[in-house]
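Chains as they are written, first to last, in full-length UniProt numbering: chain X, 1 to 329; chain A, 1 to 329.
Treat the hints as calculated values from the structure; they're not laboratory data.
All C-beta atoms in this analysis are idealised placements derived from N, C-alpha and C, irrespective of residue type, glycine included.
Mixed in with the good hints, there may be bad ones.
[Claimed, not checked] Listed next, with one range per pair, are the computed distances between beta-carbon atoms:
#	chain 1	residue 1	chain 2	residue 2	range
1	X	GLN108	A	ALA321	32 to 38 Å
2	A	ARG306	X	ARG297	22 to 28 Å
3	A	SER61	X	PHE317	30 to 36 Å
4	A	GLU174	X	PRO157	53 to 59 Å
[What the hints assert, rightly or not] Restricting the straight-line Cα-Cα distance to at most 25 Å, the calculated cross-link-like pairs of lysine to any residue (SDA-like) are:
#	chain 1	residue 1	chain 2	residue 2
5	X	LYS294	A	ALA321
6	A	LYS170	A	PHE181
7	A	LYS294	X	LYS294
8	A	LYS294	X	PHE317
9	X	LYS294	A	PHE312
The primary structure of each chain is shown beneath.
2 protein chains.
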Amino acid sequence: MNEEIADGGVHPSAHLPTDTNHVIPAAAPLIVDGWFHERGALWPGQAMTLQVDRVLHHSRSAYQDVLVFESRAHGRVLVLDGAIQLTERDEFAYQEMLAHLPMFAHSQPRRVLVVGGGDGGVLREVLRHDGHGAELEQVVLCELDAQVMDVSRRLLPSVSAGALDGTHPKVRLEVRDGAEFMRQAVESFDVIITDASDPVGPAQVLFELPFYQAVHASLRDGGLVCVQGECLWLHLEWITVTMQALRRVFDMVEYACASVPTYPSGQIGFIICGKGDCWRQRRTASVPAREPPKAMRQQLRYYNSRVHQAAFVLPEFAHRAVYPVEEER
Amino acid sequence: MNEEIADGGVHPSAHLPTDTNHVIPAAAPLIVDGWFHERGALWPGQAMTLQVDRVLHHSRSAYQDVLVFESRAHGRVLVLDGAIQLTERDEFAYQEMLAHLPMFAHSQPRRVLVVGGGDGGVLREVLRHDGHGAELEQVVLCELDAQVMDVSRRLLPSVSAGALDGTHPKVRLEVRDGAEFMRQAVESFDVIITDASDPVGPAQVLFELPFYQAVHASLRDGGLVCVQGECLWLHLEWITVTMQALRRVFDMVEYACASVPTYPSGQIGFIICGKGDCWRQRRTASVPAREPPKAMRQQLRYYNSRVHQAAFVLPEFAHRAVYPVEEER
Numbered sequence: 001m002n003e004e005i006a007d008g009g010v011h012p013s014a015h016l017p018t019d020t021n022h023v024i025p026a027a028a029p030l031i032v033d034g035w036f037h038e039r040g041a042l043w044p045g046q047a048m049t050l051q052v053d054r055v056l057h058h059s060r061s062a063y064q065d066v067l068v069f070e071s072r073a074h075g076r077v078l079v080l081d082g083a084i085q086l087t088e089r090d091e092f093a094y095q096e097m098l099a100h101l102p103m104f105a106h107s108q109p110r111r112v113l114v115v116g117g118g119d120g121g122v123l124r125e126v127l128r129h130d131g132h133g134a135e136l137e138q139v140v141l142c143e144l145d146a147q148v149m150d151v152s153r154r155l156l157p158s159v160s161a162g163a164l165d166g167t168h169p170k171v172r173l174e175v176r177d178g179a180e181f182m183r184q185a186v187e188s189f190d191v192i193i194t195d196a197s198d199p200v201g202p203a204q205v206l207f208e209l210p211f212y213q214a215v216h217a218s219l220r221d222g223g224l225v226c227v228q229g230e231c232l233w234l235h236l237e238w239i240t241v242t243m244q245a246l247r248r249v250f251d252m253v254e255y256a257c258a259s260v261p262t263y264p265s266g267q268i269g270f271i272i273c274g275k276g277d278c279w280r281q282r283r284t285a286s287v288p289a290r291e292p293p294k295a296m297r298q299q300l301r302y303y304n305s306r307v308h309q310a311a312f313v314l315p316e317f318a319h320r321a322v323y324p325v326e327e328e329r
Numbered sequence: 001m002n003e004e005i006a007d008g009g010v011h012p013s014a015h016l017p018t019d020t021n022h023v024i025p026a027a028a029p030l031i032v033d034g035w036f037h038e039r040g041a042l043w044p045g046q047a048m049t050l051q052v053d054r055v056l057h058h059s060r061s062a063y064q065d066v067l068v069f070e071s072r073a074h075g076r077v078l079v080l081d082g083a084i085q086l087t088e089r090d091e092f093a094y095q096e097m098l099a100h101l102p103m104f105a106h107s108q109p110r111r112v113l114v115v116g117g118g119d120g121g122v123l124r125e126v127l128r129h130d131g132h133g134a135e136l137e138q139v140v141l142c143e144l145d146a147q148v149m150d151v152s153r154r155l156l157p158s159v160s161a162g163a164l165d166g167t168h169p170k171v172r173l174e175v176r177d178g179a180e181f182m183r184q185a186v187e188s189f190d191v192i193i194t195d196a197s198d199p200v201g202p203a204q205v206l207f208e209l210p211f212y213q214a215v216h217a218s219l220r221d222g223g224l225v226c227v228q229g230e231c232l233w234l235h236l237e238w239i240t241v242t243m244q245a246l247r248r249v250f251d252m253v254e255y256a257c258a259s260v261p262t263y264p265s266g267q268i269g270f271i272i273c274g275k276g277d278c279w280r281q282r283r284t285a286s287v288p289a290r291e292p293p294k295a296m297r298q299q300l301r302y303y304n305s306r307v308h309q310a311a312f313v314l315p316e317f318a319h320r321a322v323y324p325v326e327e328e329r
C-alpha cells in the first residue's frame with residue numbers, strides 16, 4: 001500500500017459533476033402535481049419523474065430524508081435524500097447484478113459482507129447461494145441507518161423477503177457506520193459488496209480510499225469486492241479516477257454495468273476488484289466460476305451466465321476511458 | 001408467406017401498453033417551468049425530463065409536432081409528437097447500433113435502404129462503411145416528413161454530418177411514405193434499416209405486417225433487416241408478439257439492445273431479421289462478419305465488435321419471453 005493514497009493524494013469525489021454536499025437542495029419539493037421529480041446535482045439538466053399514487057412514509061432519519069411512495073406504474077419506491085434507491089418493478093436488476101457478479105465469479109464464497117444495502121435486497125440475493133452451489137458460513141449486513149431497515153421491512157417486504165427479520169441463522173445484522181466497521185474489523189471475508197447510495201451525503205465515506213484499503217485488508221486471498229459504481233454516461237471521470245486509485249490497492253479492477261430504468265440515465269455500473277495472485281493471473285472476473293443451479297436459475301430475473309459475461313463489455317467511449325493503457329485490440 | 005398474417009391475424013400494435021392513437025394528448029404542454037417533460041401513453045407513470053435553455057424550433061408539419069430545443073446538459077434535442085428522438089449528447093449510441101449491427105453482420109453490404117431516419121444519423125453511420133471494408137453502391141433514405149429533414153439539416157448539422165445535403169454521389173433521398181415506397185419498390189437491398197418513431201402516430205405503418213412482407217420481398221438473399229424495436233422494460237409483450245409474427249416471414253429473427261439514456265427507461269432495442277438459407281443455418285447475427293477497420297474504429301463511440309456480440313445477450317426475464325421455445329440451456 002501507498003502512503004500517498006492513504007493521504008488522499010487521489011480523492012475521487014473531486015471528480016463528480018459538482019462539488020455540492022448533497023444530492024438535492026433541501027428546499028426542493030420532491031413531489032409536484034402528483035409526480036416525483038428526481039433532480040440532483042449528480043445528474044444536472046435531467047430528471048426522472050414517476051407518477052405518485054400515495055405517499056406511504058416520509059421522515060428525516062438521523063442521517064437522511066427517507067421517502068416511500070406507491071407509484072402509478074412502478075410499485076412502491078424508496079427514495080433517500082431525493083434519489084431513487086429502488087422501485088419494486090425493476091429492483092431485481094440492480095440487486096441481482098450487484099450480488100451475483102462477485103458471488104458467481106468466486107468459486108467458493110463462504111463469508112460475505114454487505115456494507116449498506118439496508119433495504120435487504122442484496123442480502124436476499126446473496127442468501128440464494130446457500131446450499132445452491134455455495135456453502136455460506138455467515139453473511140454480515142452493516143447498515144448505518146436503522147430507519148432505512150425498519151421502513152424497508154415494513155413497507156417493502158418483497159425486497160428483503162425476510163432476510164432482515166433477524167431470524168436467519170447465517171445472517172448477522174450490524175447497525176453501524178460501514179467505514180468504522182471496516183476499520184475495526186478483525187473478521188475476513190470472501191466477498192464484500194458495498195451497496196451504497198451516491199458518493200455524496202452519508203455514504204460518501206464508502207467511496208473513499210481509506211475505506212477501500214480497509215476493505216482490502218479484510219478480504220481473504222482470492223476474494224472479490226463489488227462496489228456500486230455509478231453511471232458511465234454521467235460519471236465517467238469519477239469512475240476512471242476511482243478505478244485508477246483502486247488499481248494501486250487491488251490486484252484486478254474491472255467495470256461492469258446493467259440496465260436499471262429508474263436509475264439516472266437508466267444504467268448503473270459496478271466496480272469489481274480482486275485480491276491475490278489468482279486475480280493477478282486471471283485478470284478478469286467476467287467469466288463466472290460457477291453457474292446458477294436450475295432451482296436458483298428459475299428464481300432469477302436478470303442474471304444468467306451470459307448476462308454476467310456481457311455486463312463487462314462496455315461501450316467504446318467508456319472502454320477507452322476505463323482501460324486507457326490496454327494493448328491494441 | 002401466410003394469408004393469415006397478411007390479413008392482420010396478428011396485429012402487434014394491439015399489444016402496446018395502451019390503445020391510444022397518439023403519444024401525447026395534444027393539449028399537454030411539453031415544457032413546464034423550463035423543463036421538457038416526455039409523458040406518453042407508451043410509458044405510463046414515468047417521464048424523462050430535460051432542462052431547456054431555449055426553444056429553437058416548434059411547428060406542426062403535415063404529419064407531426066416538431067420541436068427542437070437547446071438543453072442545459074444534452075446539447076440540442078429533437079422531439080416529434082412529444083417523444084424525444086435524439087439528443088446531441090447520446091444520439092451516437094442509437095445511430096451506431098441501429099446501423100452497424102446489420103451492416104457488420106453482413107459480409108458484403110452494397111445496396112442499403114434506410115426507412116425513416118430523417119435526421120440523417122443512421123445515414124451518416126452507414127456511409128462510414130464505404131471504402132472501409134464495404135463497397136457501397138447506393139444508399140437510399142426514404143423519409144415521410146420533409147420538415148424533419150429540413151429542420152435536422154439546419155439545426156442539428158452534426159447528426160447528418162452532410163449526409164442529407166443531396167451531394168453525396170451514392171445517396172438517394174426519397175421524400176415519401178416508407179410503406180408505399182416498399183409496396184412499389186422494384187429495387188432490392190442487402191440491408192434495410194427502419195429508423196421509425198414509435199408504433200403509434202405517423203410511423204405506425206412501419207410496424208405492421210404488410211410493411212414487413214414488402215421489406216422481405218425487397219431483400220436480397222442473405223440480406224438483413226434491422227428495426228427500431230422499442231424497450232424490453234416497457235414493451236415486452238409487443239416485442240414478443242412482433243417477433244413471433246416476423247418469424248413467419250423471415251428465416252432468422254433476433255433481438256439486441258443498447259443503452260440510450262434519453263430514451264424511455266434508458267434502453268432501446270433492435271429486431272434483426274435475416275432472409276435466406278445462410279441465416280437459417282447460421283441462426284444468429286450476433287457474430288459480426290466484419291470488424292471495423294482502424295480508421296473507422298477511431299470514429300466510433302459506442303460500437304465495437306464485442307459490443308456487437310454483447311448486445312444480443314438479454315436479461316433473463318426478456319430472454320425467456322423473446323425466445324420461449326429455446327432448448328434447455
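Structure-based check of all given hints:
no., hint, in the structure
1, GLN108/X - ALA321/A: 32 to 38 Å, "holds, 34 Å"
2, ARG306/A - ARG297/X: 22 to 28 Å, "holds, 25 Å"
3, SER61/A - PHE317/X: 30 to 36 Å, "holds, 33 Å"
4, GLU174/A - PRO157/X: 53 to 59 Å, "holds, 57 Å"
5, LYS294/X - ALA321/A, "holds, 18 Å"
6, LYS170/A - PHE181/A, "holds, 19 Å"
7, LYS294/A - LYS294/X, "violated, 43 Å"
8, LYS294/A - PHE317/X, "holds, 15 Å"
9, LYS294/X - PHE312/A, "holds, 22 Å"
Going down the numbered hints, you'll see the structure goes against just number 7.
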